Amino acid sequence: MKHASIEREIRIEAAPDVVYKVVSAPEHVREWWPDEAAYTPAPGGTGVIAFGEEKCVPLTVLEADPPKLFRFRWAYGEGEVATPENSFLVTFELIPDGAGTLLRFSETGFTEKYAEDAERAQEYDDHVNGWNHFLPRLVAYAGRLVSSA
Amino acid sequence: MSDTIDDELWSAVGDPTRRRMLDLMLAEGGGTATTLSDRLPVTRQAIAKHLHLLERVGLVHSAAAGRERRYRVDEGQLARAVAQLSTVTAAWDARLQRIKRIAEAIQREQDRQDG
Numbered sequence: 001m002k003h004a005s006i007e008r009e010i011r012i013e014a015a016p017d018v019v020y021k022v023v024s025a026p027e028h029v030r031e032w033w034p035d036e037a038a039y040t041p042a043p044g045g046t047g048v049i050a051f052g053e054e055k056c057v058p059l060t061v062l063e064a065d066p067p068k069l070f071r072f073r074w075a076y077g078e079g080e081v082a083t084p085e086n087s088f089l090v091t092f093e094l095i096p097d098g099a100g101t102l103l104r105f106s107e108t109g110f111t112e113k114y115a116e117d118a119e120r121a122q123e124y125d126d127h128v129n130g131w132n133h134f135l136p137r138l139v140a141y142a143g144r145l146v147s148s149a
Numbered sequence: 001m002s003d004t005i006d007d008e009l010w011s012a013v014g015d016p017t018r019r020r021m022l023d024l025m026l027a028e029g030g031g032t033a034t035t036l037s038d039r040l041p042v043t044r045q046a047i048a049k050h051l052h053l054l055e056r057v058g059l060v061h062s063a064a065a066g067r068e069r070r071y072r073v074d075e076g077q078l079a080r081a082v083a084q085l086s087t088v089t090a091a092w093d094a095r096l097q098r099i100k101r102i103a104e105a106i107q108r109e110q111d112r113q114d115g
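As they're listed, the protein sequences go chains A and B.
If you number the first sequence the way the UniProt record's numbering does, the last residue is 149 and the count never jumps.
If you number the second sequence the way the UniProt record's numbering does, the last residue is 115 and the count never jumps.
Don't take every hint at face value.
To give an idea of the chain B side of the interface with chain A (calculated C-beta under 7 Å), a few residues [unchecked claim]:
hint, residue
1, R56
2, V57
3, T89
4, R95
5, R98
6, I102
7, E104
8, I106
Calculated directly from the structure, the hints in this document are not laboratory data.
As the structure is a computational prediction, the values presented were derived from the model and not from experiment.
Glycine included, each C-beta is placed from N, C-alpha and C at the ideal position.
Please construct the entire structure, taking both the sequences and the accompanying hints into account.
Here it is, written out as structure tokens:
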């Protein structure tokens, strides 16, 4: 899934247990992501995050291993059970780094709906490193679109 | 709401084979299932399936060319798909910066109380 995921790494000057609370506890998650968050931050815990008054998005916690790993699925349909086919998988991995924490983030799930393609695609991973390969080529086209608009 | 995405469009460009096809068509001004399968280690039949999917989400348009259909990339739709992906990536970057700020503020407060 590497080619179709967002991956980031960020160093935080705070201990892993502090960072863990910020990425997992609803009262903290509200501060950096949705307007509302209501779920149990334990494996199997389900709930919702809400954006404004209209958009309410289901969320299911898959793994909660303080202060090392927090993983959940989100953005599946209301009333559905979260599966690899219908949701995005978010993982926060926390690695102690001196007095601070190295926070590894990833969100995947964009191509899991096309599992057979993904299998076939593995042959190309050497040639095509996802968007890093693709995006620079698009800049020129985007520029042309703007100038011709 | 920056998390709202056109799921079908995103899945269409999320696949490496289709990205490679789009890349080739952009570079060569278009292509057919045959010309693309000549350039990629994928059967003509598989390429045809991918082209069909790309056309359904509007990323390519086709016209009859002899016995085959010739496909061209819809650059406007492609730019839209890219913009969506960039937006989602940028949104997560902003969230991670907020996580950093919040965690560091909590840590400073704890250190102050301990000290």
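Now for the hints, and whether the structure bears them out:
The closest approach between the C-beta of R56/B and any C-beta of chain A is roughly 13 Å, which is over the 7 Å cut-off, so the hint fails. Hint status for V57/B: violated, given a least beta-carbon distance of 12 Å to chain A, over 7 Å. For T89/B, the interface hint holds, since its Cβ comes within 7 Å of a Cβ in chain A; the closest pair sits about 5 Å apart. Because the beta carbon of R95/B sits about 5 Å from the nearest beta carbon in chain A, less than 7 Å, this interface hint is met.
Annotation: interface hint on R98/B holds; nearest CB of chain A at approximately 4 Å, less than 7 Å. Nearest Cβ of chain A to the Cβ of I102/B: about 5 Å, under the 7 Å cut. The hint holds. Satisfaction of the interface hint for E104/B is found here, the shortest Cβ-Cβ separation to chain A being roughly 5 Å, below the 7 Å cut-off. At about 5 Å, the closest approach between the beta carbon of I106/B and any beta carbon in chain A falls short of 7 Å, and the interface hint on this residue holds.
In this structure, the earlier hints numbered 1 and 2 are contradicted, and the remaining ones agree with it.
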